[in-house]
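K.L.:
If you want the building blocks of each chain, they are given just below.
Protein chains: 2
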Amino acid sequence: MAKPNKSPRPKAIAPKGFRDYFGTEVTERKAMLDRIAEVYHLYGFEALETSAVETVEALGKFLPDVDRPNEGVFAWQEDDADWVALRYDMTAPLARVAAQYRQDLPSPYRRFAMGPVWRNEKPGPGRFRQFYQCDADTVGAPSVAADAEICAMLSDTLEAVGIARGDYIIRVNNRKVLDGVLEAAGLHDTDEFAAVRGIVLRTIDKHDKFGDAGVTALLGEGRKDDSGDFTDGAGLGDLQIKAILGFVNAHNAVDSRLAQQASAIRDTNPKAADLLYTARDYASPVFSGQHALRATAGAVWNENVLNYLNEIVGESSIGFEGVQELRAIHELLKAQGYSADRIRIDPSVVRGLGYYTGPVYEAELTFEVTDEKGRVREFGSVAGGGRYDDLVKRFTGQAVPATGMSIGVDRLLAALRATGRIGSEAEGPVVVTVMDKSRMADYMQMVTELRQAGIRAEVYLGNPKNFGNQLKYADKRNSPVAIIQGGDEQERDVVQIKDLILGTKLAQSASLEEWKDRPNQFEVPRGDLVAKVREIIESYS
Amino acid sequence: MAKPNKSPRPKAIAPKGFRDYFGTEVTERKAMLDRIAEVYHLYGFEALETSAVETVEALGKFLPDVDRPNEGVFAWQEDDADWVALRYDMTAPLARVAAQYRQDLPSPYRRFAMGPVWRNEKPGPGRFRQFYQCDADTVGAPSVAADAEICAMLSDTLEAVGIARGDYIIRVNNRKVLDGVLEAAGLHDTDEFAAVRGIVLRTIDKHDKFGDAGVTALLGEGRKDDSGDFTDGAGLGDLQIKAILGFVNAHNAVDSRLAQQASAIRDTNPKAADLLYTARDYASPVFSGQHALRATAGAVWNENVLNYLNEIVGESSIGFEGVQELRAIHELLKAQGYSADRIRIDPSVVRGLGYYTGPVYEAELTFEVTDEKGRVREFGSVAGGGRYDDLVKRFTGQAVPATGMSIGVDRLLAALRATGRIGSEAEGPVVVTVMDKSRMADYMQMVTELRQAGIRAEVYLGNPKNFGNQLKYADKRNSPVAIIQGGDEQERDVVQIKDLILGTKLAQSASLEEWKDRPNQFEVPRGDLVAKVREIIESYS
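So the sequences go chain by chain: A and B. Letter by letter, the first sequence follows residues -2 to 538 of the numbering used here. Letter by letter, the second sequence follows residues -2 to 538 of the numbering used here.
No lab work stands behind these hints, which were simulated from the structure alone. Take the hints with a grain of salt, since some may be wrong.
The list treats identical chains as interchangeable, and a pair is accepted whether it falls inside one copy or across any two copies.
[Said to hold, decoys possible] Mimicking PhoX-like on lysine-lysine, the simulated pairs with C-alpha atoms at most 25 Å apart in a straight line are:
{"#": "1", "residue 1": "469", "residue 2": "119"}
{"#": "2", "residue 1": "8", "residue 2": "206"}
{"#": "3", "residue 1": "206", "residue 2": "529"}
{"#": "4", "residue 1": "13", "residue 2": "390"}
{"#": "5", "residue 1": "434", "residue 2": "331"}
{"#": "6", "residue 1": "8", "residue 2": "390"}
{"#": "7", "residue 1": "434", "residue 2": "203"}
{"#": "8", "residue 1": "8", "residue 2": "462"}
{"#": "9", "residue 1": "462", "residue 2": "390"}
{"#": "10", "residue 1": "473", "residue 2": "529"}
{"#": "11", "residue 1": "469", "residue 2": "8"}
{"#": "12", "residue 1": "529", "residue 2": "13"}
{"#": "13", "residue 1": "331", "residue 2": "268"}
From just these sequences and the hints, can you work out the full model?
P.N.:
Below is the structure:
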């Protein structure tokens, strides 16, 4: 009788929403992060690595408040009753560190952090519960020069990893401008309007999704969605709603103005009119003009946007301050050569406006890709950030100015793949096959020589009986070359070199002229092994 | 009346047993891991990065079996009732991956993994609950050539990170030799002796701690410790105990034999006797002979050890196999130039013998350090590993041969610090000070020029009012140079360059001859800024 199976075999599977990364998936990401770290370092930023685990108390109430503190994060209770959790971003640990070590850290403190973060969310296609973040922040710098520096660094970073100038734009907005618009609409930053301002901020964030009509409804009487569900509105009046939409749609408003101006002077000053038309094009997603033109037209655009914002904030001092800050960032960056071809003042950046307290920025890749549904679209956002001056306050009671950004590591990697900058199959090692098990020392001597010459190499360590399996293995490893030495070759002190790349090329196109006289397997003296292998590898690189 | 403090401020502190790593602590570790990864890659190993989280089911019963599955690991229950946990090493995830992707991975599969692991243990001084591991394993290679390869790679790795040849030794043992000794002592690998063999394995592991007397007691009648507590013994007879101690103390036995042999031939063949004496020295911890001598003497030592082991395993076929494997590893490595000066056959490697199923290896650093209590001692072990052929079996039912090693990242870093290879203070950025807040664009232009020339630089972004604070900041940042440009300098189109390294040197020793004619602050034309700063930095590097 068979024994009852008391402990069934465990399932060999990663937990739901977690995945494994193999070979080049790991090394390509690492190479990208290395390049980013070089730029950060050049800018004076220091590495910081906090542990994956933080107290729930230090992380704060960042996520929906429910019975258990681990909604949205992975949390568990320690034996001594403290709750701890895996970090869900790099900002919360920075806040804790900035407070914990405030006596010892230099001020301002520029730091960067790279590593995994965890979200206890429902996983979906391409949506994982562990992913990389790559942040840089400056804590303790009140001046917008710090914000400008982050924008310049973001620009340098994108170019360092391989995004060409002209293929990205860094869009800058300012929460204070929105505050000014709200003040101008009578919604002052007082307890009386706190609730309604909150609704407005959340609603603006959804402009991408609901459009003007949806936002108008939500700011006014309320909105009924497709399923018939009704969401209460903020109860604002028409003029208030118009003012807020005037901010969100600043892009369109400025565009119309430029069109009108251009039209008015087209006959009298066609050159100036052209520049205005180009400025309109500049701010459209698919502008493909040259850099110089981009910078000139962009400067016109930015200037017009700043003027427009100055108007819509009316008499609001916070609004005026916000526009001044945008202008300062624009000027500081321009002085360093980061012109409008790379940096755009852009009030349509609304993501995170509810969270940030000053300048907000977002890096967008402007080249087109074809998505999984075959639609051509702009690649879109790969990084973002802003100023959040309340970072350390919850720990110490003292406000500490801070500004910083986070790069979406997976998005940026996808962008580099989409542009062909990375993703070609990595070259495998040279494989030394085993013809005679008892001569393993000879084969290992060959790989040692190759490695000492800096050539990636390995001896076949599986069961050598079936030679076909050894070549299949070399194929699976994407090996450029296989080395063969049987008894006959050993006696004659030679080795067979099999050019596997050529083999593949010939298999793909047997008549390929350029390869036809080149043998894909040949014999060389044992002493020429390293030189010959190097020659083959270099011929393909 | 003051409001009651409803939500007290959270404590800004990392959870117990977790720590933060700043600046060079991060970058030095990264640089070391990068060098290790280069060697692994050269050997044909592929990167693998699994997520931090595994199912408790996949991790297995690796730790004391108690009520909760999270004793020893950090574990929590998912909403759907599955328990998941943070990985506690890199081997358990490898086993899961090797089983999950067995159809797709090349076989043999050489992989390396680097990253943090977590242990839910009581933290202590220098003992943390998150730390780095750095592993390399070959799955699916039955031949000891795979073990030899790991040893060679470990040797190359140590030298690549900066441990000099002669400052380390890789000690190799084999579980099968111990199995042979047990068989020779009548303790066969059958159900009958399973329990007592288990006790023997656990007892041998404690030889370092309890010595011969303690091990003799534990293998025999039992042992009373200092507190009076009694531990039951394995109940072995004197001859059995003697045989087992003969294995554990093989080192001493071989040493005595060499002494006897040398003494016997001292007068007739003094040269050969000298070699035997040197062989004894070779295996002592503090041998400081030259490499060539080390290799020759080591070969004599290894040969004598192998002969001795052959004797003590008697008629046992598993024991004979074990010795043959050690000999094969020795020969394979020697043929590749990894002689006895780097690899030593050493039966006193007992750590992990209960876990591994074949060859076991351990890398020991042989130079001396002074510990925190002022005692001079050998640095000791920094890496270890071995063959464990049951890795994948619990998932698939099929035994898969596997061998690999793990480097103690923090230990190795400590060793590099102890030898002065790393740990010198990293150079900070050039600091451009701010004399006039309204001229921020000028100062930012200076740092941009410096950065574009590859010089790490930053503008002071704190409140610029107190100039002394700016210099204190530069000092805290370990800046080599500070740049100063007030209104007067601007008018004359010059900058002041303050050589902070020289300043420190002069402060330390005002009469230092070599510096006395060098000014530590001077003026240069604005156009010479980058060239002059580079000159200063290079003069110190």
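K.L.:
Can you name, in rising order, the numbers of the hints this structure does not satisfy?
P.N.:
Those not satisfied are hints 1, 2, 3, 7, 8, 11, 12.
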